[in-house]
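Novice: Residue numbers (the working numbering), protein chains in the order written: chain A, 6 to 115; chain B, 15 to 129.
Heads up, some of the hints might be wrong.
[As the list claims (entries may be wrong)] Have a look at the derived ranges for each label pair, beta carbon to beta carbon:
#1 B:G30 / A:L79: 36 to 42 Å
#2 B:S101 / A:N32: 27 to 33 Å
#3 A:A25 / B:L129: 38 to 44 Å
#4 A:G63 / B:N65: 21 to 27 Å
#5 A:R64 / B:T34: 40 to 46 Å
#6 A:P13 / B:E92: 30 to 36 Å
#7 B:Q55 / A:D62: 25 to 31 Å
#8 A:T23 / B:I40: 33 to 39 Å
#9 B:L69 / A:Y56: 24 to 30 Å
#10 B:T112 / A:A34: 36 to 42 Å
#11 B:T34 / A:E20: 29 to 35 Å
#12 B:H24 / A:N17: 40 to 46 Å
Keep in mind the hints are simulated off the structure, nothing from the lab. Ideal Cβ placement from N, Cα and C applies to all residues, glycine included.
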Amino acid sequence: RKEVEQDPGPFNVPEGATVAFNCTYSNSASQSFFWYRQDCRKEPKLLMSVYSSGNEDGRFTAQLNRASQYISLLIRDSKLSDSATYLCVVNLSGYSTLTFGKGTMLLVSP
Amino acid sequence: DTGVSQDPRHKITKRGQNVTFRCDPISEHNRLYWYRQTLGQGPEFLTYFQNEAQLEKSRLLSDRFSAERPKGSFSTLEIQRTEQGDSAMYLCASSPRTSGGNEQFFGPGTRLTVL
Chain A
6 RKEVEQDPGP
16 FNVPEGATVA
26 FNCTYSNSAS
36 QSFFWYRQDC
46 RKEPKLLMSV
56 YSSGNEDGRF
66 TAQLNRASQY
76 ISLLIRDSKL
86 SDSATYLCVV
96 NLSGYSTLTF
106 GKGTMLLVSP
Chain B
15 DTGVSQDPRH
25 KITKRGQNVT
35 FRCDPISEHN
45 RLYWYRQTLG
55 QGPEFLTYFQ
65 NEAQLEKSRL
75 LSDRFSAERP
85 KGSFSTLEIQ
95 RTEQGDSAMY
105 LCASSPRTSG
115 GNEQFFGPGT
125 RLTVL
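Using the sequences and the hints, build the whole thing.
Specialist: And the structure:
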């Protein structure tokens with residue numbers, strides 16, 4: 006079983022749609038969770054951290070369920086500029102290295 | 015530009031040749047990471063430095079790979095006797111002491127093609 010698994014993509018949605026990405030992680034000792042965004046042929050960039058209570062940043066909402074070892078990202082009112090690959094990322098306690106999922110590609114069309 | 019920089023951005027080499035990549039982290043970031051990314055995959059961790067000390071190496075890092083960060087600033091990643099399977103994007107990232115490695119800032123990467 007892979008350490009971080011994400012929905013296979015791509016997701017094709019029209020502008021204005023709501024889209025949700027799911028992610029599961031295998032190591033219950035994982036302590037920190039993130040979503041990174043990676044544009045085509047560019048480097049990954051931190052989109053948002055994910056907290057146990059859930060957190061929101063504008064149109065983006067992240068949720069964490071530690072019991073199920075499940076992370077989600079919801080994008081509301083999607084824009085053309087949201088087209089990118091979304092990477093689910095986990096950091097184990099006591100380690101500084103990040104473990105990435107394969108990513109889920111989002112394509113927003115007019 | 016005060017972000018992470020990497021050099022070269024692209025490298026094409028023949029199988030069996032040695033290559034060396036350089037990474038300049040954000041100044042005052044004491045942590046530096048190397049990752050490898052192939053098409054359709056997320057970045058995979060290779061190695062990690064805190065200042066000049068190499069604290070962790072992935073099992074992905076075979077004997078042909080070596081990384082250094084001699085003065086705790088820039089880092090180099092060398093691949094000896096390159097193989098076609100080494101073709102990938104090599105990403106460098108850095109993070110400040112205060113973040114515990116949680117937020118990492120990535121450079122643009124070096125794309126290696128081994129013919």
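Novice: All the hints need checking, so say for each whether the structure fits it.
Specialist: Now the hints, each set against the structure:
1. B:G30 / A:L79: 36 to 42 Å: 49 Å Cβ-Cβ, so the 36 to 42 Å window is violated.
2. B:S101 / A:N32: 27 to 33 Å: Given range 27 to 33 Å: holds, Cβ gap about 29 Å.
3. A:A25 / B:L129: 38 to 44 Å: 42 Å, holds
4. A:G63 / B:N65: 21 to 27 Å: 37 Å, violated
5. A:R64 / B:T34: 40 to 46 Å: 43 Å Cβ-Cβ, so the 40 to 46 Å window holds.
6. A:P13 / B:E92: 30 to 36 Å: Holds: the Cβ-Cβ distance is about 35 Å, inside 30 to 36 Å.
7. B:Q55 / A:D62: 25 to 31 Å: 26 Å, holds
8. A:T23 / B:I40: 33 to 39 Å: 35 Å, holds
9. B:L69 / A:Y56: 24 to 30 Å: 27 Å, holds
10. B:T112 / A:A34: 36 to 42 Å: Violated, since B:T112 and A:A34 (Cβ atoms, about 23 Å apart) do not stay within the stated range.
11. B:T34 / A:E20: 29 to 35 Å: Hint violated: Cβ distance 45 Å, outside 29 to 35 Å.
12. B:H24 / A:N17: 40 to 46 Å: This hint is violated: roughly 30 Å between Cβ atoms.
Against the hints set out earlier in the document, violations occur for numbers 1, 4, 10, 11, 12.
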